[in-house]
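K.L.:
Residue-level listing of the chains:
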Amino acid sequence: MILHTVNKSPSTQSTLKECLFTATNGDNILLIEDGVYGSTTAFKALLKEGLHYFVLQEDLDARGIAIDQLAPEWTAISYTGFVELTETADTVCSWF
Amino acid sequence: MNYSIAIYGGPYSNQAAHSALHFAQAALTRGHCISRVFFYHDGIYNGSALVSPPQDEANVPAQWHTLAKENDIELVVCIAAAVRRGLLDEKEAKRYSRASHNIAEGVSLSGLGQLIDAGLTSHKLITFGL
Amino acid sequence: MSENMSDLLIMFRKAPIGTSWAREALDLALVGAAFGQHVSLLFMGDGVYQLLTNQQPESVGQKGTQAMMKALPMYDIEQIFVSQQCLADRGLTQDQLGFSCDLLDQTQVQALLQSHQQVFNF
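Sequence order for the protein chains is Z, R and L.
Numbering-wise, the working numbering puts 19 at position 19 of the first sequence, and it's gapless, one number per residue.
Numbering-wise, the working numbering puts 127 at position 127 of the second sequence, and it's gapless, one number per residue.
Numbering-wise, the working numbering puts 53 at position 53 of the third sequence, and it's gapless, one number per residue.
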């Protein structure tokens, strides 16, 4: 399993799109920094099935994005959750 | 587990060094060891001793230097990326005939091989991009 | 695709010239090879622009990446992959590229990533 982290907003950069192009069934996606805007309902159409979607709570809070603004695929996690995801990943791939 | 971290973003302009710091603190709290942080691209500016934000703002490079000291983390700056961007230690200042040097105490200049080595010798290498 | 898996996969996703990413990613590839690692390169996204012929980086005061790209075989870096989709998205064809490389479809790109434990993504 690969953990992909993405730190760019999907409306200014194709980073999330490129990440999802290469991700395969069972991979984990984690949005951090400006990447977290990608978890809002506006970008739900980009997502594909078979992946697990996570978003960093601290970065959501910093940007004033509430959980009820997220597409249902996303689970908000803390930095501890981020570390846990890295523990189980074979590879961590950072998209920026 | 044994972690290494790569940071490609400089202080203040973007979040990379700050995100990496939070990640490192969480990893240490979970009982992991962080052996090396490698600074590349604009990340090298975190190795400067001269970063001086206003008092009510976080000094992320200084926080890194402290965390590293307390937890025996090796802070390594890519030498090729650093000298191009004006981050020098005493030896490089002499080599390039510069009047001063500005690398922080506890930070060392070394080759890019240290990043390859970090990937090979750590269980996990986590990168924080610009 | 490659039967003999490499140790390191370096991904190039950024255009050359405008930023130093292409050069700094190539530096890492060469150092990885010098460290005895088998290195594969994957060009995707705007990284495919790095492969175009006729680049004249000296016109904006740069060295560019062409000389380093030409040095790859000397470092035994011979597995150079390109995303077919990313070329097509930019209206490019393989004959416009200055380097010999293997075109990969989406499934092959995904398999390439899954087969590497060390991935450096620039």
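Just so you know, the hints here were simulated from the structure itself, not pulled from any lab data.
None of these values were measured; they are calculated from a predicted model.
The beta-carbon is built from N, C-alpha and C at its ideal position, and this holds for glycine as well.
It cannot be assumed that every hint is accurate.
Label-pair restraints from in silico Cβ distances [unchecked claim]: (1) Thr-66(R) / Gln-94(L): 27 to 35 Å; (2) Met-68(L) / Thr-41(Z): 41 to 49 Å; (3) Gln-94(L) / Asn-25(Z): 26 to 34 Å; (4) Glu-70(R) / Leu-92(L): 34 to 42 Å; (5) Asp-95(L) / Glu-90(R): 48 to 56 Å; (6) Met-5(L) / Glu-70(R): 34 to 42 Å.
K.L.:
If a hint holds in the structure, say so; if it does not, say that too.
P.N.:
So, going through the hints one by one against the coordinates:
For Thr-66(R) and Gln-94(L), the hinted distance range of 27 to 35 Å is not satisfied, since their beta carbons lie about 52 Å from each other. Evaluation of the 41 to 49 Å hint for Met-68(L) and Thr-41(Z) yields a pass: the beta carbon distance comes to about 44 Å. A C-beta distance of roughly 29 Å is found between Gln-94(L) and Asn-25(Z), which places it inside the suggested range of 26 to 34 Å. Hint check: Glu-70(R) to Leu-92(L), Cβ distance near 51 Å, so the stated range 34 to 42 Å is violated.
Range check, Asp-95(L) to Glu-90(R): about 52 Å between beta-carbon atoms, so the 48 to 56 Å window is met. With their beta carbons about 39 Å apart, Met-5(L) and Glu-70(R) fall inside the hinted range of 34 to 42 Å.
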